[in-house]
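Student: Take the given structure of chain W and dock chain Y to it, following the hints.
Protein chains: 2
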Amino acid sequence: MRELVVHEVLKSALHNGPDSEIVYGGWRLTYAQLYERVLRLAQALKKRGVGRGTVLGVMDVNSHRYLELHYASSMLGAVLHTVNFRLPPDDLLYSLQHAGVEWMFVWEGFQQPLAKVRPLFRNWVWLTDGDASPEPGTPTHEELVQEGRAEVPDEATTVRETDPYSIFYTTGTTGRPKGMLYRHRDMLLASLGILHHLATHPTGAAAGSRDVYMPCIPFFHIHGWGTALFVPYLGAKLVLPGKATPAEQLRLVVEEGVTWSNMVPTQLHMLLEAADQAGVAELKGYKILTGGSPVPSGLARRARERGIAYSVIYGGSDQLAAAISVVPRGVEPGTPKAWEALRTNMLPLAMVEVRLEDDDGHPVPADGKSIGEVLVRSPWLPDGYYKDSERSREVYVDGWFRSGDLGVMNPDGTLYVVDRKKDAVKSGGEWIATGVLEALISEHPEVAAVAVIAQPDERWGERPLAVVQPRAGAGQENGGAVRDAGAGGGGVDHHARLEESLRAHLAAAVEQGRLARFWIPDRFVFVEQFPLTSAGKINKVALRREMVR
Amino acid sequence: MRELVVHEVLKSALHNGPDSEIVYGGWRLTYAQLYERVLRLAQALKKRGVGRGTVLGVMDVNSHRYLELHYASSMLGAVLHTVNFRLPPDDLLYSLQHAGVEWMFVWEGFQQPLAKVRPLFRNWVWLTDGDASPEPGTPTHEELVQEGRAEVPDEATTVRETDPYSIFYTTGTTGRPKGMLYRHRDMLLASLGILHHLATHPTGAAAGSRDVYMPCIPFFHIHGWGTALFVPYLGAKLVLPGKATPAEQLRLVVEEGVTWSNMVPTQLHMLLEAADQAGVAELKGYKILTGGSPVPSGLARRARERGIAYSVIYGGSDQLAAAISVVPRGVEPGTPKAWEALRTNMLPLAMVEVRLEDDDGHPVPADGKSIGEVLVRSPWLPDGYYKDSERSREVYVDGWFRSGDLGVMNPDGTLYVVDRKKDAVKSGGEWIATGVLEALISEHPEVAAVAVIAQPDERWGERPLAVVQPRAGAGQENGGAVRDAGAGGGGVDHHARLEESLRAHLAAAVEQGRLARFWIPDRFVFVEQFPLTSAGKINKVALRREMVR
Chain W
1 MRELVVHEVL KSALHNGPDS EIVYGGWRLT YAQLYERVLR LAQALKKRGV
51 GRGTVLGVMD VNSHRYLELH YASSMLGAVL HTVNFRLPPD DLLYSLQHAG
101 VEWMFVWEGF QQPLAKVRPL FRNWVWLTDG DASPEPGTPT HEELVQEGRA
151 EVPDEATTVR ETDPYSIFYT TGTTGRPKGM LYRHRDMLLA SLGILHHLAT
201 HPTGAAAGSR DVYMPCIPFF HIHGWGTALF VPYLGAKLVL PGKATPAEQL
251 RLVVEEGVTW SNMVPTQLHM LLEAADQAGV AELKGYKILT GGSPVPSGLA
301 RRARERGIAY SVIYGGSDQL AAAISVVPRG VEPGTPKAWE ALRTNMLPLA
351 MVEVRLEDDD GHPVPADGKS IGEVLVRSPW LPDGYYKDSE RSREVYVDGW
401 FRSGDLGVMN PDGTLYVVDR KKDAVKSGGE WIATGVLEAL ISEHPEVAAV
451 AVIAQPDERW GERPLAVVQP RAGAGQENGG AVRDAGAGGG GVDHHARLEE
501 SLRAHLAAAV EQGRLARFWI PDRFVFVEQF PLTSAGKINK VALRREMVR
Chain Y
1 MRELVVHEVL KSALHNGPDS EIVYGGWRLT YAQLYERVLR LAQALKKRGV
51 GRGTVLGVMD VNSHRYLELH YASSMLGAVL HTVNFRLPPD DLLYSLQHAG
101 VEWMFVWEGF QQPLAKVRPL FRNWVWLTDG DASPEPGTPT HEELVQEGRA
151 EVPDEATTVR ETDPYSIFYT TGTTGRPKGM LYRHRDMLLA SLGILHHLAT
201 HPTGAAAGSR DVYMPCIPFF HIHGWGTALF VPYLGAKLVL PGKATPAEQL
251 RLVVEEGVTW SNMVPTQLHM LLEAADQAGV AELKGYKILT GGSPVPSGLA
301 RRARERGIAY SVIYGGSDQL AAAISVVPRG VEPGTPKAWE ALRTNMLPLA
351 MVEVRLEDDD GHPVPADGKS IGEVLVRSPW LPDGYYKDSE RSREVYVDGW
401 FRSGDLGVMN PDGTLYVVDR KKDAVKSGGE WIATGVLEAL ISEHPEVAAV
451 AVIAQPDERW GERPLAVVQP RAGAGQENGG AVRDAGAGGG GVDHHARLEE
501 SLRAHLAAAV EQGRLARFWI PDRFVFVEQF PLTSAGKINK VALRREMVR
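Which chain is which? The protein sequence lines are W and Y, in order.
Under this note's numbering, the first sequence has 529 at position 529, and the numbering climbs by one with no breaks.
Under this note's numbering, the second sequence has 445 at position 445, and the numbering climbs by one with no breaks.
One chain only, chain W, in its complex shape (with noise of 0.2 Å):
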């Protein structure tokens, strides 16, 4: 029997495009010269000591590099952490830690993070778009590939298909970052899922070994939604993005003839901004595979005006991929209706079961109105989260996979997710843990107690705002009304000068590497106090309606 193992997809590529490109920069490769760089690279590795299980931390934007370190970290067994670089510093360095990383392979255009990382690591290697190490005697990526033999590794035959490939770590409501470990079996599966979904049914984001790709989801998350499997595997062209601006993803969908991106709505948002300045008025035969919030109704539209077709993506790094929207049958493709079911209609992918239960556990009808929460089981469903028993118990139960997330059944079959279950706020495709927001609030002498909520927002998707108790005595009487910092009636002054003070506040915990700035709320509410639920904690599904605006 043939193991399912990730550095299979290279021999595919072979077959189906040996002289496609990746290109990245100035950089075209082949896959043919592709797999030789892997293979050089992987015998390179393997002669410093690297091997079966040695986690590797990496870095980096999508570019050549990072697919290079997916298929040579997999033909040596080792375990790739594809760092999720958007983490709060500390939480970074705690799942580089709690996983074990051995070797660091880290883009020279990282900035911030790096002056805590680099001293903590012996074995790093340096990830530049230039020539030379911008640290003389510690080696780059390209030196390591122009040292190796280009010869298959003998680990590549032994590794087997329930070996962890990788491990990802997401963002806890509260708490610390969890860790996802994916086994070879689960992410080929599952990337794979994602692709044969959009080529077996009629979707906007239809893909096929003719299309160009450019995927714009960074590959730490899910391995770029699975691009860096599948398209090899299909061997089509490949561009990657690197740090481009929308500006930049712009002129390279133009110009290399992109048929295929996926962004979250955010990156959807700014590339439609991009493309009204830069006066492009159409661009016809672009696919998007979009996901990670709801997309608004009015982003679609001005995405269909353009000619962009879409389909939404449901899924998580706790559970992979689970369902994309499809035109329902019955129903012609380029409808508005089709355009309607393709934002809310998400079709379970093969195999994959989906269902809803009420908050006594009770199964939900598919009447297209009933809310429920949202639970998944899948062929490529992980075990749990990595080294936390606790925590997995809580989500993984009986083999399905509790989201969290709340959706509605159409009768149909498919899956409209309207809102999450708790309370995170979700910008720019990324989690904000409100825990920890509001654990760093709370630490302020003046705050008695904090609620940090979702604030709907048309570029970001979410923002957090903030809403807080002032700690009696501290502050002043005020109507007892709602009231903004800075909008008019008593305490207006006392809560200006709060709002300051919190944040700089945040600003110092962003300083010391306790929060990512994106994470600092837009808005600072201040109330007298909280609504509360039967069980006494604040009422947030109260406050959200009483709020948010």
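Treat the hints as calculated values from the structure; they're not laboratory data.
Keep in mind that this is a model prediction, so the values were computed, not measured.
Mixed in with the good hints, there may be bad ones.
One copy or any two copies: either way a pair holds, since identical chains are not told apart in the list.
DSBU-like, lysine-lysine: derived pairs with alpha carbons at most 35 Å apart [as the list claims (entries may be wrong)]: (1) Lys337 x Lys369; (2) Lys46 x Lys243; (3) Lys11 x Lys337; (4) Lys387 x Lys243; (5) Lys369 x Lys11; (6) Lys421 x Lys337; (7) Lys11 x Lys387; (8) Lys337 x Lys284; (9) Lys11 x Lys243.
Tutor: Relative to chain W, chain Y alone:
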């Protein structure tokens, strides 16, 4: 980890097309109904003692019954012996015994084999198109379906992906048929591999969830080349042709809106003749996956002229799917170049590896000219023949399958299979074992030696040609020249008489169940002596060169 077992496919059917139809004769079932019937059938069989490892033999035309048995058997962990009813009756019986069949499910439409098979089995289920059992007291399939509860059997959750799913016997070129035992995982991955290839690459037989499928390859043959699995996986409409004649198949294509079929070239030939007779000038939008024997270029042209698109698949029961023809990169679909490539350029399926070896085991270059034996490695390659380690060792070597086929590798990595290394005759997509025929013919008292070789045939692809050396003295001298029976020259009367006697001899063997009628050679040629190889064996290559016209 969720297992890749065959009955999981039905869950996708329920998501992807619960209301899509399965059509057979007057039957119209939705997948939702089919699913319920499968559960009922499984429960009824379970009640009768069918369980893990029970071998169920099924002889049926492509029908909803056959489809239901696929999934009921899978859910119980039973093994489905898809009986090759085109085997000579002796071999068919051998296959039932060798596989350890405990239950038989037989369509009443079969006549000849039944008399011999029926008495051997106490556990018997009739498959009928009518209402009543042809044998009072013996249940029909439909009675079992009506009897069982619509409840998932407990066994369904304990079946492992490495458990055997089905067994199939294929004609060996010498000796008894060879049994192939397929694991759930292998059959699932191979079947879906065919679909995904057709969905992601530009082929003539593009396949998706909105196609309407009519498999004309019998389900016994690798589950109708995977259609019994991948069509429900898509939730697509499925038209089951049963024993339909080519004219009836044509009617189904038109009336049911069929867009996709699979068939061997002989079936395609007959379908085109039926279209001629029915005055159907065009079948635009009809896509055909063909294979099993080379596609004559004249046949390909005639299909194209009617608007039929096609691709060619390469594979077989002992290796499953290996490659399917595609339009090469850079070639415009629909052009003459594209059409020719679709006949000759077979791209290996994802994660399948193909290489060519010469007679000395050296690699053959991919130059589009050099011929070598085709070796295949794939994620679903069986371990070997069932209970036949000796023959397995010959062809399953170091994880590779030695196909016995001769091929040319094109510079773009695609494969063109040009011939078979061995000498079996393939007639209408079915093997005729020359060794078996030779053994039978040589039993005739007037035969000294005999060789059966393939004679190209426009309708059947190939037909057997028997070259006979009459026993000295039994015949009469002839001039040493090769002569046809019935042709002018010395010995004509004697040869005509001998041919008549040989035909009677073989007809008797058919009556005795030792031979299928269609195995009887079309032509007999008589020779004084055979060209021999250095090893003293009949040189069939030289013989073919000399004889075949």
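Student: Indicate, hint by hint, whether the structure satisfies it.
Tutor: Consistency of the hints with the structure:
1. Lys337 x Lys369: within (18 Å within a copy, 53 Å between copies)
2. Lys46 x Lys243: Result: close within a single copy only, 30 Å intra versus 60 Å inter.
3. Lys11 x Lys337: between (41 Å within a copy, 26 Å between copies)
4. Lys387 x Lys243: within (33 Å within a copy, 58 Å between copies)
5. Lys369 x Lys11: Cα proximity of Lys369 and Lys11: across copies only (23 Å, versus 46 Å in one copy).
6. Lys421 x Lys337: The answer is within: 28 Å in one copy meets 35 Å, while 56 Å across copies does not.
7. Lys11 x Lys387: both (34 Å within a copy, 32 Å between copies)
8. Lys337 x Lys284: Answer is both: 20 Å inside a copy and 29 Å across each meet the 35 Å cutoff.
9. Lys11 x Lys243: Answer is within: at 29 Å inside a copy they meet the 35 Å cutoff, but 41 Å across does not.
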